[in-house]
Amino acid sequence: MRQQIILSGLGGQGVLFATRIIAATALDMNLHVLSSETHGMAQRGGNVVCHLKVFGGNGEGVFTSPMIRPGMADVLLAFHPEGAKLHGHFLKKGGVLICNDTKMIDATGIALKLGNGLLTNIVLLGYAAARKCLFCEADSLRKALQNASGPRAEENLRAFEAGFMEVTS
Amino acid sequence: MAERKILLGNEAIAYGLIEEGCRIAASYPGTPASEIMGTLVRLKDSESIEWLHVEWSINEKVAFETALAGAYSGLRSAVMMKQVGLNVASDPLMSAAYTGVKGGFTIISADDPGPHSSQTEQDSRFYAMLAKIPVLDPSSPEEAKNMVSTAFATSEKYEIPVMIRPTTRVCHARQDVIVKGYQHVETKSPTFEKNPSRWAATPKFRFLLHKQLNEKLREIASANEISIPGNGSTTCILASGVAWANAKEVMDELNLHDRVHLIKVNMPYPLPDSFLKTVLNAHQKVLVLEETYPVIEYQFRDRQKVSGRLDGTVPSQGELLPEKIEDIIRSWLGIEQAKRPVPEDLPTRRPTLCPGCGHRPVFYAIRKVFPKGIYPGDIGCYTLGINIGAVDTVLCMGASIAQAAGFFHSFNGNDKMPPIVATIGDSTFFHAGIPPLINGVVQGARFVLVILDNRTTAMTGHQPIPPISIENMVRACGVEFVRVADPYDLKSLEEILKEAGKYAFEDKKGIAVVIARKPCRMDRRAQHRFPEIEVFITDECNGCGYCVERFECPAISLPKKKEPAVIDPVLCVRCGVCVDVCPFEAIGVKK
Ligand code: SF4
Ligand code: SF4
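Chains as they are written, first to last, in my numbering: chain V, 1 to 169; chain B, 1 to 591.
Calculated from the structure, these hints are not laboratory results. Hints are all accurate, no fakes.
Here are the computed lysine to aspartate or glutamate pairs in the EDC-like style, where the Cα-Cα straight-line distance is at most 16 angstroms:
id	chain 1	residue 1	chain 2	residue 2
1	V	Lys92	B	Glu323
2	V	Lys113	B	Asp568
3	B	Lys211	B	Glu159
4	B	Lys5	V	Asp28
5	V	Lys85	B	Glu344
6	B	Lys5	B	Asp176
7	B	Lys372	B	Asp392
8	V	Lys85	B	Asp345
Values in this document were obtained by computation on a predicted structure and should not be read as measured data.
Pulled out of the complex, with its shape left as it was, chain V reads as follows:
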C-alpha cells in the first residue's frame, strides 16, 4: 500500500482537520503515515496545503520525505476550486481530483444547508469516501471522524453522510 494525497484549501476551512482524520484512519489500519502541513501566517485566510503519504502493509518501499513532488499525487482533495488550479500539478497522470465546486460537488452549499458552512471539509471527505478514491473504507473514516470530533461527532457524521450520499444518489 502506498498512497500520496494532497489536500488544498483556504485557511480556516479545516484542511488540517481533514488531514488528521485520514491520517488517524491509516493508523487504525496499521499503516504508516508521513505528512506535512501549513501553519503560521498562511493560516490567516491564505492558501493552505497538506501533503499526506500513507504506506506499509506489504513490501512496497517506505516514504522518507514528508513532501509530495509534482506529478506524484494519487488524489487531490480541493476544498476550494482555487486549490484544484493551484495544486493541480501535484496530481499524477490518471490521479483523482475531488473538487468542491458546483460542477462536481457543491460541498459548501450542502454544508450551508446543514446549517454550518464550516462543515464543508467533512462533506467533501464523505464524498471522496463514496468515490472510493482513498486507500480506506468509508467505515474506517467514519470511525476516525467519530473519535476525533468530541461533542461535534453527530454533526460531523451527518455532514459526512450528506457528502457520501451525493455519489450514491
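Following the hints, position chain B with the ligands against chain V.
Positioned in the frame of chain V, the structure of chain B with the ligands alone reads:
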C-alpha cells in the same frame, strides 16, 4: 506502555523531553517551534507531571537564562524557540558555551527554510558553530524525538549545551511515532556547587573556559561516528535533516544506491577531521545537501571535489523541496531531467486578518486619521496591516517603537515632518517593546504608539500574555498620554487617535500611547462576548470598492468593478464594524 501515535514533529519533541526526564522547560512562541511548549503545557496538566516546570517566558533570552539555571543546578533542562528567537537569546548562548552545564541542557531552535513564516532563512547550525557547541539535525518527527535523548546524554557527558535544530518540515510534519510513556523520573534534587571561576568567570578565567570548550569540542567531534556505506562507489552524497529525507526517497526511486553512497549526517557540527578525510579519499565526487546554509560544506578544508551551495550546484537560498533535490541529483549525475507538470502561474491568496479581527479597524482608522504618516510596524498577526497600507516597516520583534523614535529624530526640524504612528501587539510589547519605549521618552521622541491588545499571542496559536496592566506599564515607562480604545467603536477610536495626534504632533508634548483592546476572535479561551450585528449591502452600493481596498474584510468582496459588493455569509462573523466604513452608508444593519 508503548503505543503508536500520530504526532506532529513538535509534539514528538515534547514527548521526548518528558520521556527523558526534562525538569525545567522554557520557551517563547514562534512558528515553527510553538507547539513544543504547547504540548508540554498540555501534557504536564493532563498527565499531572508535577516534577516538570514549564513556562512561556517573556522572551527567548529570559527563557534561555531560566532554563540554563536549571542545568547549572544539575537538572535536565530545555529551551525552545524559532530561529530568530535564537538571535534574541544569542547573548546567553555564547556565554553558556563557555560556562558549560551540569544537568543536560538542550537548545531547540527551529529553522524555517523557505521562509514560510519568518523574516530570515538563517541557519541555527551556524549559531552552534559560532558558539562552539554540537548540533543535531533531525530528518523526521521520530528522529527529532530520539535526538532529545542523544542531546541530553551528550550534554551531560561533556558538560556542554547541545542544540537540536529541526526545520519547518520536521516541526510541522506528522508521523506515526512510538511513545514509550514515562515513569515518574527519579526526582533528582537540584544541587548548585558554587564555583565563581566557572559560573561567574572574569575574563582571565574565561580564557581557561574557552580552552576547555575547545577540548570538549574535539572529543565530541571524534565521537561523532558517521557510517559510510561500503559498496565501493566513488560518488557520494552527504546529507542531513530533511534534505536527507528527500534525497533518500528520490534515490530509492531512481535506484541510485548502487552508484552513489548516501551518507546521513546526524550531527553536522562538529565533524571529525578523520571523517572528512575518509570521504574525500574514498570518492571522486561529493555532493552536500543541507538546509539552509553550507555548514557541513564549510567544514571541508579542501573543497576541490565538493559540490553544494558554495559552487552553485545547490541554490544559495530557498527550501530544498524534494523536486528541487531530484533536479540537483539528476543534473549532478548527468541523468536526464524529470518531466513533471509545472504549476500554473497563478496568484496565491495573500493572508489577511480574520473577519471581525479587532486589528482591522485600527489600521483603517490610522490611515484615515493620519493619511500621510510613516507607519513602523511589528511582528504578529498585525503585520498584515500591510494589506491596509498602515504598516511600512517590519524589522524584528519590538522594532516598531525604536524605529518610530528613529524616524522622529531623522525628520525632526524638517518642515515636512510626517506624523509617525507605530503599531505593536501586546505580546510583542512585553517581549521587546518596553526598553525602546523608555528610551523614546528619555530621548524626547514624539510619535503615536498604538498597542494592539488582543489579550493573547495570536499568530502562533494563542499563548498567554503576562497578566500585567499595559496601562500601568506604559505609564511607568514615563508616558503621560495613555488612552484605551475599543476598536469596534470606530468613531470613538478615530476621536482618540486625533487627540493622540494633537498631543504628539501639534502640542509637541511627547509620545502618545493608545491601547486598542479587543480580544482575538480566534482565541477559544477568551471569555469574551462579541456583538452579533447582521449586516447587508443596500441598494446604495455603487461598487466603488472603498471597503474592499481600505478595510479588507475577507467576508466582503467585489465580484466586478462598479457592481455591488457581496458579503459571504460563511466568512462574516457579524462584528458590524464595516457599517461605519462605507462612505455611502450602503452597508446596513438587519433589524
Ligand atoms: S487570529 Fe486573532 S489577532 Fe490574528 S488575525 Fe485572527 S482575529 Fe486577528
Ligand atoms: S460584519 Fe462586516 S466587517 Fe464584520 S465580518 Fe461581517 S462583513 Fe466583515
